[in-house]
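**Q** Below are the chains, spelled out letter by letter.
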Amino acid sequence: MSTSVTPDAPAPATAPAIQGAAVRRGDRTFLGLSRGAGILILVLMAAIAAFLIWKAIPSLQANTANFFTETEWKPDADPAFFGIAALTFGTIMTSVIAMALAVPVGIGIALFIAHYANRRLGAALGFITDLLAAVPSIIFGMWGLSFLMPQMQGFLEWLTTYFGWIPLFANDLGIFTRSIMIAGVVLAIMVLPTVSAISREVFVQVPREHIEAALALGATRWEMVRMAIFPFAKPGMISASMLGLGRALGETIAVALILSANYTINWQITEPGGNTFAANIALRWNEAGPIGLSALVASGLVLFVITLVVNMAARLIIARRAEFSGANG
Amino acid sequence: MTITRTVRVVGATAAAALLLAACGSDGGTSDGSTDAGTIACASGSIKASGSSAQKNAMAEWINAYQAACGDATIDYQANGSGAGIQDFTNAQTAFAGSDSALKEDEQPKADARCAAGPALNLPMVGGAINVVYNVEGVDKLVLDAETLAGVFNNDITTWNDPKIAALNAGVTLPDATIAQFHRSDESGTTDNFVKYLLAKDVWSYEGGKAWEAPGGQGAKGSDGVASAVKSTPNSIGYVELSFAQDAGLSSAWIDNGNGPIEPTSENAAETIATATIEGTGNNLPLSIDRAGTTGYPVVLVTYEITCEKGLSGADLEVTKSFLTYTASADGQAALTEIGYVPITGDLLTKVQTAVASIG
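Taken in sequence, the protein lines are chains D and X.
So for the first sequence, my numbering puts the first residue at 5; every next one is plus one.
So for the second sequence, my numbering puts the first residue at 17; every next one is plus one.
Please keep in mind that the hints were generated in silico from the structure rather than gathered at the bench.
We put the CB at the ideal spot given by N, CA and C, even for glycine.
Heads up, some of the hints might be wrong.
[Unchecked claim] Examples of chain X residues lying across from chain D (beta carbon under 10 Å, computed):
1. A94
2. N95
3. Q123
4. A126
5. D127
6. R129
7. A132
8. A185
9. D191
10. A195
11. G204
12. P230
13. G232
[Unchecked claim] Listed next, the in silico DSBU-like pairs over lysine-lysine satisfying Cα-Cα at most 35 Å (straight line):
14. X:K336 - X:K156
15. X:K366 - X:K179
16. D:K59 - X:K119
17. X:K63 - X:K156
18. D:K59 - X:K71
19. X:K156 - X:K125
20. X:K336 - X:K179
21. X:K325 - X:K156
22. X:K63 - X:K336
23. X:K63 - D:K59
24. X:K63 - X:K216
25. D:K59 - X:K125
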């Protein structure tokens, strides 16, 4: 790979030359630029974190409730009184629903496109799922609110009638709109293209020999998928899911439009209510007072940390899995 | 949602342009002088920011003003009352729009910004909050503070509840569950709606810009509430007059103890006109008597906040000239057409005097 850097130089001399003293000016400039870009990312991250902490401090000092366990959100009251318990619950719940729906379907789409469909159909389907990723989130929000929500009524009623004995699906109000469940479904649709597009890329890279070897041994298609494709693609599938989860955690306007924002922890997810970090910031930022703004920044800091942790966990899983996959193509 | 608003603004602009064109054409005759002719123009450009509740009023006024005064530009950012007051006290803007008068801790800071004189709270734009409902076959619905609080507090859950029926003799109310909608975002509309319930002593929460009662469903923005009520049978919600009109929703009449009153701009203006002034001199923060029985009681007033003395240059000239126009009879009349409520009577005279004192 590195030999292509200086195509006009004699091939054997190039590789050591890059580390040596006789580095050309172009190489040095490029090295500086790329190193600078790398450092810039770290500086940006640090600057964001520092800004969030700096702006969050006044509200955290004024807060008279426990920031982590309090559900109420009254930072502009006197004395200030707020916590992120309800926001954390809503954010995780909507994301879990989104992932539970989007990951299996997204991987299914990717498998079908990569290994089941004929080339032309696969290309068309791939194009359409990629297109879905380009739809702005407010469109999903409006569509979810005015089309999906009324359409889901019947299904949710059915769910409550027959599965209401599961506390999650119980509904004491008989109202099925603006719930965590609906927000989760809309998020799932938004996350779907991310999951399927990245999984598809990985599925396509599975070495032909693995697939052919499995088929030659008499494996059925499903067995081939299980034995040859999944082990190879596992890290890719995980990182696809984590990227999707990142989008679901931070999605703002679609959730803000759909949820009937309140600050309770309600496990009955088909009832109206719930709130997320991002939606809460969008809904309260405009009219918030000084402490209110600071409190919103504090909640943003928590979201920042949660997404960092999710991403780092994903990296860890991928790094560990890579050793076992046994196929580094 | 945004589309309808844009259309309205564009429509209003077009109407204003026509109006100006009309008086331009008969320029010189005496009846032409009542419109744009009364604007005493200044030149320069100023910045202002604040309340989003008066955004459309500002857009309308600025269009009319700039059309008449080619040398002046006014840039109003509807970034919320809190941010508006902050911008003003930091001397970044010439005036602020606010849903409420300066609070005790804000007034000294604003005075300090003006240095040479106090900061004035000038009531400029009124509004009526309509209780909109969507119940088939009910053309006229009467509610009072007690039933409103009951509905929005989940004590009254069906439309044919005896308490609602008692106020609506002869109306067939359905035996249906009430779906009630409130604002999920913080808003001055919620603040003033709850102020009414608090004034009537029927609300057990503290009040404020965020909705506090449990239950019901939250929707984002007045347009969100309006469209939720429109698309949900047997629902009820609260929005400002213009949103009720735009969405074509029926609005409940409110009985404040002296018979039901229709939520119109005129009836709301009557309530605002009876407000008492709490400030001294030309500072005019209001105390609205929402428990009164003469006008439509669920109202709000938004203010322009600026310096009596201490502005200079274009800030002074354009602010004074612009506010003189907005406080004029023409400026206030323009409000009614776009679903706001004008300031009238003695109060308007006092606002005009206060604006004249700027300088």
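**Q** Flag every earlier hint the structure violates by its number, smallest first.
**A** 3, 4, 5, 6, 7, 8, 9, 14, 15, 17, 19, 20, 21 and 24
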